[in-house]
Amino acid sequence: MANIKVYVPRDTTACSLGADSVAVSLQHYFSNNDIDCEVVRSGSRGLYWLEPLIEIETDSGRIAYGPIGPNIIDEFIAAKCWKINKEHWSYLGVVDEIPYLQKQQRVTFARVGVIDPLSLSDYENHFGFSGLKQALDMSGQEIVSQIKDSGLRGRGGAAFPTGIKWQTVLDTESDQKYVVCNADEGDSGTYSDRMLMESDPLCLIEGMTIAGIAVGADKGYIYLRDEYPLAFTVLEEAIVLARNSNFLGENILDSGKNFDLEIRLGAGAYICGEETSMLESLEGKRGEVRPKPPLPAIKGLFGKPTVINNVISLASVAAIIVNGASSYQNYGVNRSRGTLPFQLSGNIKYAGLVEIPFGVTLKDLLYEYGGGSRSGRPLRAVQVGGPLGAYLPESQWDTPLDYEAFTSIDGMLGHGGIVAFDDTVDMSAQARFSMEFCAIESCGKCTPCRIGSVRGVEVIDRIKAGENSVKNKELLLELCDTMVTGSLCAMGGLTPYPVRSALEHFAEDFESGS
Amino acid sequence: MSIDKEASKEEMVLAIVSKYKEIPGPLLVVLHGIQQELGFIPPEFIPDIAEGLNLSRAEIHGVISFYHFFRSTPAGRHTIQLCRAESCQAMGSRELERHAKKSLEIDFHQTTADGQITLEPVYCLGNCACSPAIRVGDAIHAHVGAESFDAIVNELISEKVEVKN
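Top line first, the protein sequences correspond to chains A and B.
Going by the working numbering, 278 is the number at position 278 of the first sequence; the sequence numbering is gapless.
Going by the working numbering, 1072 is the number at position 72 of the second sequence; the sequence numbering is gapless.
Hints may be right or wrong, so weigh each one.
[As the list claims (entries may be wrong)] Estimated spans, in silico, between C-beta atoms of each pair:
| hint | chain 1 | residue 1 | chain 2 | residue 2 | range |
| --- | --- | --- | --- | --- | --- |
| 1 | B | D1107 | A | E458 | 14 to 24 angstroms |
| 2 | A | Q176 | B | I1157 | 48 to 58 angstroms |
| 3 | A | M138 | B | Q1116 | 51 to 61 angstroms |
| 4 | A | N251 | B | S1158 | 49 to 59 angstroms |
| 5 | B | E1010 | A | V454 | 50 to 60 angstroms |
| 6 | A | G376 | B | S1018 | 51 to 61 angstroms |
| 7 | A | E368 | B | K1019 | 51 to 61 angstroms |
| 8 | A | R243 | B | H1061 | 44 to 54 angstroms |
| 9 | B | M1012 | A | P99 | 47 to 57 angstroms |
| 10 | A | G371 | B | E1022 | 30 to 40 angstroms |
| 11 | B | A1113 | A | I35 | 31 to 41 angstroms |
| 12 | B | D1107 | A | K292 | 30 to 40 angstroms |
[Said to hold, decoys possible] Just so you have them, the derived chain A footprint on chain B, three or more residues with Cβ under 8 angstroms:
| hint | region |
| --- | --- |
| 13 | 1103-1116 |
| 14 | 1150-1157 |
[As the list claims (entries may be wrong)] Dumping the calculated DSS-like pairs for lysine-lysine here, alpha-carbon to alpha-carbon at most 25 angstroms:
| hint | chain 1 | residue 1 | chain 2 | residue 2 |
| --- | --- | --- | --- | --- |
| 15 | B | K1009 | A | K299 |
| 16 | A | K445 | A | K285 |
| 17 | B | K1101 | A | K219 |
| 18 | B | K1019 | B | K1009 |
| 19 | A | K285 | B | K1019 |
| 20 | A | K285 | B | K1021 |
| 21 | A | K133 | A | K219 |
| 22 | A | K257 | A | K219 |
| 23 | A | K285 | A | K219 |
| 24 | B | K1009 | A | K304 |
| 25 | A | K292 | A | K219 |
| 26 | A | K80 | A | K103 |
| 27 | A | K292 | A | K445 |
| 28 | A | K133 | A | K148 |
| 29 | A | K219 | B | K1009 |
| 30 | A | K83 | A | K5 |
Honestly, the hints are just simulated from the structure, not real lab data.
Ideal placement from N, C-alpha and C gives every residue a C-beta, glycine not left out.
With the rest of the complex left out, here is chain B:
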């Protein structure tokens, strides 16, 4: 990665910190902002966040590591959240979980070798009337079985890569 890109990322982090630092209890808002922009919270920026919010680096690390949603490493191009909670279990999510791990050849919290898919567990998407459910981006899918899971994955993989400058 070029030095320029790294520098612009740091500027972005500093801008997010300064945008929210005056609101009450800003840390989660700041972390959400950074993860939305960069896809994860690069550990090298923890000192910037700590200094900007007048907190210790340990406090920032403690918060990032407490919440399942925050990442310290990049995810794949797509993240699939698979619901493991009871309502989905009642409709076959244990089998779906086994199938997903087997077909993607990864465990939870891992990314496929080609960098396409990251698989994460989630505990309820509020779609319990049509279990099992998975979430990809902001889209929730209902009644997901092995076959429809594969179809969703294939569609994601075949999506054109957006060119970002």
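Chain A extracted, bound-state conformation:
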């Protein structure tokens, strides 16, 4: 039999479900029985309810089986599924034809789950480094103009136009400039950065290199959260691979241009996802927020002009260069152009990554993709955009996924995380947690955030205890106003959004004794 490739994901979530042990069992079986099958550790497709998802390469595409956990792998082997057994209960058919995947438009995640993340040849065979090669023949301004024309906006959450940020750095004269990738993906319910780094790390490296060439920076940093050990390991190996083949380092591909990068680990501080706090942390200091201006694009890391972008923004760059700005710009609606990898989390039946153009409604995502709640009970509240995003009641689920449409209902799309709760949720407890989280994670620099969050917890407790409920609700709303208008950054400035939305849309949960 010719060499057959069997793909088993190496991805944090797949591994948390036993993928490592499954891969070892398969390897042992193949080698002990002299079977010419190769186990390839790919990334994950992000169909997490099916993980560990095993794929077998065939002439008619990759055939998927799942979920195959460590307790099922012996049965999987005994049923000769690796020789294609269509009768097996875990048989899913051609992976690309699974509706959840087939309905998506994977642009940034085109290679994720498909390739071996640490194979340069796999990467290059899937258009990898084509964007960099093209960029090396372009002027900085040409690259920046392409990114501007694509309509790409920052995928970290703030949605600032990426090209305009790059233009500012390009236009600022300096002997030294930096590119910093914000990989401090701290929002609950989000994991697209983690997936991209684990499953297609070279794509991030290529995007950062293009950014460096575009703005004239020769040094990059990836600020990675400590909570992502596998992403760290994979990225480190990928950087070495890229450097050894001259895609990074000095005189990249004989172009005369230089760019190199290193990873710096965070240390468990949510606030370091805020860009100025992250710069402080990279400089080896307490992660305290800096006032703006000056903008980091003019005076950033070590006081030098710095491009700061989220993982997904940078990972989208190469595809924009290869396919052209208009091809990316053609996706989406209004001022939200391109695609966003949404992440379905929490109490949801089919939790996973859904990369689609902006514009579909939240309801479609929750039910057409997510299949409703995991618990089987009715969904009641959905938090979109991380811990600083509003809790949305069912009456708002028809809102299209578009930055401005969400802003208009006091919500935010943020980094695309969607956390679903069923009807057992106590929304006053969720509101209290928002304040508690802010108190724990506040950098302490400004008073509304540092003290306001502590007072917020106390006031919610009083409301729940039935103490002067009406007056205390007024006080809570006033406190929220103070935090929104008086905080130095989004931590204190946005924490009131989930609190106010809980109070507004789920008022019954704030009655004493409820």
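Given chain A, put chain B in place with the hints provided.
What follows is chain B alone, placed relative to chain A:
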């Protein structure tokens, strides 16, 4: 603890400081290095770090105390990080948290009396598609409930103690 062991620890700290002191913004890298080797950052070495990096002792202390990850005291043999964030809450992490504290008889940031387990909160492990999640070492566990939590703890406790010289 013998004087020799203490001296070798100080040498290790000095070696880490001198390895990284020339890189830009070295403090977090140095602290990560020390904690990886010693399991925590012993306060008695703060003067060494400060002198090596030309910073004040207050600055070093300020950074250590700012970041949740850095410890000034030793942890137990194993550290369990339990996710408290929203996605895990939606799948029962509040109950899991209560169970963990009750069964281990400790609160967050504490270590069991036998020195086996330290319990720490964490705010998202990026495993939100399969909540609730906990992390032990570099391993993340999915769909953790009271029963599977106990099984994980029992396995950790029954692991053979590695003999280190």
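Quiz item: For which of the previously enumerated hints does the structure constitute a violation, in increasing order of number?
Solution: 5, 8, 10, 11, 13, 14, 15, 17, 24, 26, 29
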